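Peer 1: Make a model of the complete structure from these sequences and hints.
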Amino acid sequence: MQNESTPLSYLPIGIFGGVMGLTGLSVAWKAAHHHFGAPIWISQAIGLAAVAAFVALVVAYGIKAWSGWDAVRAEFSHPIASNLFGTPMISLLLLPFVLVDYSLALARLSWVLGAIGMTALAWVIVMRWMTVRLVASHVSPPWIVPVVGMLDVPLAVPTLQWDGLHGLMVFGLAVGLFFAVPLFTLIFQRLVLEEPLPAPLQPSLLVLVAPFAVGFTAYVTTTGGIDLFAQVLYMLTLFLLAVLLGRLRHLPHCSPFRVSWWAASFPLAASAGAAIRYAAYAADPVTDAIAVVVLAIASLTIVIFLFQTLAGVFKGQLKALA
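Residue numbering for the sequence shown follows this note's numbering, beginning at 556 and increasing consecutively.
FYI, nobody ran anything at the bench for these hints, they're computed from the structure.
Treat the hints with care, since some could be wrong.
[Claimed, not checked] Cβ-Cβ distance ranges computed for the label pairs, FRET-style:
# : residue 1 : residue 2 : range
1 : Ala607    : Ala675    : 23 to 29 Å
2 : Phe631    : Leu668    : 14 to 20 Å
3 : Ile618    : Leu668    : 16 to 22 Å
The structure displayed is predicted, hence computed values, not measured ones.
Glycine included, each C-beta is placed from N, C-alpha and C at the ideal position.
Peer 2: This is the structure:
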């Protein structure tokens with residue numbers, strides 16, 4: 556049983572989703588700089604915030620692990636929370652987008668650690684699914700994170716200035732896309748046939764957008780161009796985003812903020828990045844408008860999440876938010 560008296564024992568591993576969201580938003584604003592001429596300092600400021608958040612969370616979670624390893628072990632054994640151990644790994648795969656402007660060696664180190672950790676976690680989780688009996692109520696959007704998260708492996712590779720990594724890019728793309736299909740089907744079936752998700756987990760529904768938004772960017776990065784399949788992934792992103800934003804539009808009025816809401820940040824940021832990338836390809840006023848709207852939604856949502864989280868930290872209420 557988790558010992559609540561240990562320092563930061565309440566801190567969930569999924570809070571690293573905030574780093575993913577901030578980094579993804581930084582990448583989206585950099586794309587907006589190239590396509591729309593947005594000020595580059597916006598991307599840089601968000602990127603530095605992501606790095607600072609990652610360092611702070613590594614220290615905080617390290618304190619939790621050092622003072623009470625049983626709490627970490629219990630979290631990793633949980634059928635839902637264990638999947639969120641992919642969030643620090645994905646953060647390491649995304650941070651090179653920011654770090655490369657300051658240190659190529661550090662960016663490469665971050666990516667290597669993230670790629671190894673992500674692959675190992677995906678292997679462990681798939682082995683667990685195949686050997687441990689689970690129930691339908693355990694199936695939830697966070698299940699997408701540890702395996703479909705392999706789609707994040709190719710994203711930052713072009714910034715690393717390393718030759719010979721194309722095979723690893725294809726590997727990440729293949730594993731992520733292959734497992735996205737059965738996992739999406741399982742989760743959708745659970746949402747249709749079982750009880751609704753608890754209110755604090757409702758924002759995690761936006762994780763369902765990630766396989767298509769991240770899949771689009773990973774596919775385009777790996778293949779080097781936008782073809783029909785890439786366009787299909789992008790159109791599915793828009794459709795699911797519209798459905799889920801409509802589904803969640805009333806949530807802020809009926810449920811208090813929780814750090815678990817950060818699960819929605821990266822899918823929104825990834826959707827904004829994909830929309831801007833597609834707009835640059837399509838060169839059409841409609842796609843430009845869609846990109847601006849999605850970027851605005853992602854930016855506003857993440858700013859609100861950041862404000863709520865920092866307010867909780869300064870007021871000493873982080874445990875209640877967790």
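Peer 1: The structure should be examined with respect to each hint, and the outcome stated for every one.
Peer 2: A quick look at each hint next to the structure:
A hinted range of 23 to 29 Å for the beta carbons of Ala607 and Ala675 is consistent with their spacing of about 27 Å. For the hinted restraint 14 to 20 Å between Phe631 and Leu668, the CB-CB distance of approximately 18 Å keeps it satisfied. A C-beta distance of roughly 20 Å is found between Ile618 and Leu668, which places it inside the suggested range of 16 to 22 Å.
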